[in-house]
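All chains, full assembly: derive it from the sequences and hints.
Given next are the chains, with one letter for each unit.
Protein chains: 2
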Amino acid sequence: MPQGQPESVPRDGLTTRQRRNRPLLIVHTGDMKGKSTAAFGLGLRGWNQGWDTAVFQFVKSAKWKVGEENAFKALGELHSEKGIGGPVQWHKMGEGWSWARKPGSDQDHAEAALQGWHEIKRRLAEQAHDLYILDEFTYPMAWGWVDVDEVVETLRARPGHQHVVITGRRAHPALIEVADLVTEMTKVKHPMDTGAKGQRGIEW
Amino acid sequence: MPQGQPESVPRDGLTTRQRRNRPLLIVHTGDMKGKSTAAFGLGLRGWNQGWDTAVFQFVKSAKWKVGEENAFKALGELHSEKGIGGPVQWHKMGEGWSWARKPGSDQDHAEAALQGWHEIKRRLAEQAHDLYILDEFTYPMAWGWVDVDEVVETLRARPGHQHVVITGRRAHPALIEVADLVTEMTKVKHPMDTGAKGQRGIEW
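Residue numbers (our numbering), protein chains in the order written: chain E, 1 to 204; chain C, 1 to 204.
In case anyone wonders, no lab produced these hints; they're calculated from the structure. A couple of the hints might just be wrong.
Since the list gives no way to pick out one identical chain from another, each pair is judged satisfied if it fits inside one copy or across any two copies.
Unchecked claim - Listed next, the in silico SDA-like pairs over lysine to any residue satisfying Cα-Cα at most 20 Å (straight line): (1) Lys121 to Asp52; (2) Lys121 to Glu111; (3) Lys187 to His79; (4) Lys121 to Leu24; (5) Lys121 to His109; (6) Lys189 to Arg156; (7) Lys121 to Tyr139; (8) Lys121 to Gly198; (9) Lys187 to Leu24; (10) Lys189 to Ser80; (11) Lys82 to His109; (12) Lys73 to Glu203; (13) Lys187 to Arg169.
Spelled out as structure tokens, the structure:
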């Protein structure tokens with residue numbers, strides 16, 4: 001929810017239907033858990049609609065989010081085997097991008113991140129997918145590994161009807177500016193405050 | 001993430017392992033999207049760990065979250081057919097709880113919510129599941145349909161190792177007090193601000 005009516009109707013020349021079906025750029029930011037999990041939860045809706053979904057994980061460790069990865073791969077197989085839901089691709093920077101020739105281990109992270117972005121840019125131009133989940137992509141943006149202006153302009157001008165979800169802390173102001181929907185996950189309480197460590201099934 | 005070390009280690013007599021494997025009560029609250037999607041994203045991790053998961057949807061409409069429902073049912077079938085992941089149950093108040101004798105349509109919502117809570121309480125006592133997702137359960141709490149003190153005490157004293165995730169706006173202060181992990185989803189930007197309406201694959 002929200003389930004209801006818009007607060008105001010703009011004079012943008014679009015019909016309600018056009019406005020309704022607008023491709024969205026969604027950002028999940030903030031310091032608290034829930035950014036990636038909410039993106040993958042959203043991915044379940046897309047899968048159920050038969051959308052072609054591609055996940056790009058801009059993280060080093062393969063341990064984290066293996067739960068979502070296995071679940072989405074299983075859902076993707078259900079699509080290819082039984083035709084239910086939509087196809088799913090899952091790409092990880094940490095193990096070397098699946099389309100790249102050389103393995104990731106001996107690769108510079110900045111170079112790998114830039115390579116990932118270039119591939120995403122190509123796919124956006126080709127309208128390869130319905131939904132792109134760029135997990136933790138705010139970090140390559142924050143660290144200058146990718147050109148923020150180029151990213152923002154590419155996303156803004158992307159053709160067709162492609163939804164993009166970007167997660168990670170410290171989303172760049174220019175990204176927030178161009179986004180349609182931005183949620184900040186803020187901490188009210190966290191078990192690590194009382195000395196707990198991450199655990200199986202909860203953190204990964 | 002957070003991936004690292006706790007900020008402090010309490011003198012609670014527990015080992016790191018005990019503290020790590022502590023059953024969690026998690027609350028996703030706030031006015032913005034992402035509360036339920038993050039809960040279901042977390043559910044993917046549990047499924048991948050082989051956890052027995054039960055979802056209880058305290059909502060009227062069957063339209064919303066049908067994406068997550070179909071995806072989780074598909075994952076649950078993968079468990080029963082191929083033994084991968086964990087079993088999944090999905091119960092909806094809106095269509096009448098699956099264990100209830102009479103259909104939901106002619107039932108009072110307050111009564112239905114209370115019935116749902118009583119079932120959850122029974123299951124917690126029996127340690128029926130590893131993970132409980134009580135979707136939008138903050139509303140029956142806020143509206144006085146269930147006894148807040150009873151809910152809080154039942155959750156606090158639940159036996160064994162059962163994780164519980166509760167979603168919804170306006171989480172009761174007593175629930176936040178007893179919870180281990182509380183995230184607030186806050187709005188930075190929402191497309192309805194510019195006159196868009198909810199759309200397929202994004203809102204449901």
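Lys121 and Asp52: within-copy, between-copy, both or neither at 20 Å Cα: Within one copy, since 16 Å is at most 20 Å while 40 Å is not.
Are the CA atoms of Lys121 and Glu111 at most 20 Å apart within a copy, between copies, both, or neither? within (15 Å within a copy, 52 Å between copies)
Go through the copies and call it for Lys73 and Glu203: within, between, both or neither, with a Cα cutoff of 20 Å. within (19 Å within a copy, 23 Å between copies)
With identical chains treated as interchangeable, where does the CA-CA distance between Lys121 and His109 reach 20 Å or less: within a copy, between copies, both, or neither? within (18 Å within a copy, 49 Å between copies)
How would you label the pair Lys121, Leu24 (within, between, both, or neither) given a Cα cut-off of 20 Å? within (16 Å within a copy, 40 Å between copies)
Intra/inter-copy verdict for Lys187 and Arg169 if alpha-carbon distance must be at most 20 Å: Cα proximity of Lys187 and Arg169: in one copy and across copies (12 Å, 15 Å).
From the Cα coordinates, with 20 Å as the cut-off, is the pair Lys121 and Tyr139 best called within, between, both, or neither? Answer is within: at 17 Å inside a copy they meet the 20 Å cutoff, but 42 Å across does not.
How do Lys187 and Leu24 come out at 20 Å by Cα distance, when the copy is not named: within, between, both, or neither? between (26 Å within a copy, 16 Å between copies)
Is it within, between, both or neither when you check Lys187 against His79 at 20 Å Cα-Cα? neither (37 Å within a copy, 34 Å between copies)
If the cut is 20 Å between Cα atoms, do Lys189 and Ser80 qualify within a copy, between copies, both or neither? neither (41 Å within a copy, 36 Å between copies)
Checking Lys121 and Gly198: alpha-carbon separation at most 20 Å within a copy, between copies, both or neither? This pair counts as neither: shortest intra-copy Cα distance 34 Å, inter-copy 27 Å.
Status of Arg156 relative to Lys189 across identical chains (alpha carbons, at most 20 Å): between (35 Å within a copy, 16 Å between copies)
Hint compliance for this structure: hints 3, 8, 10, 11 are not met, and every other hint is.
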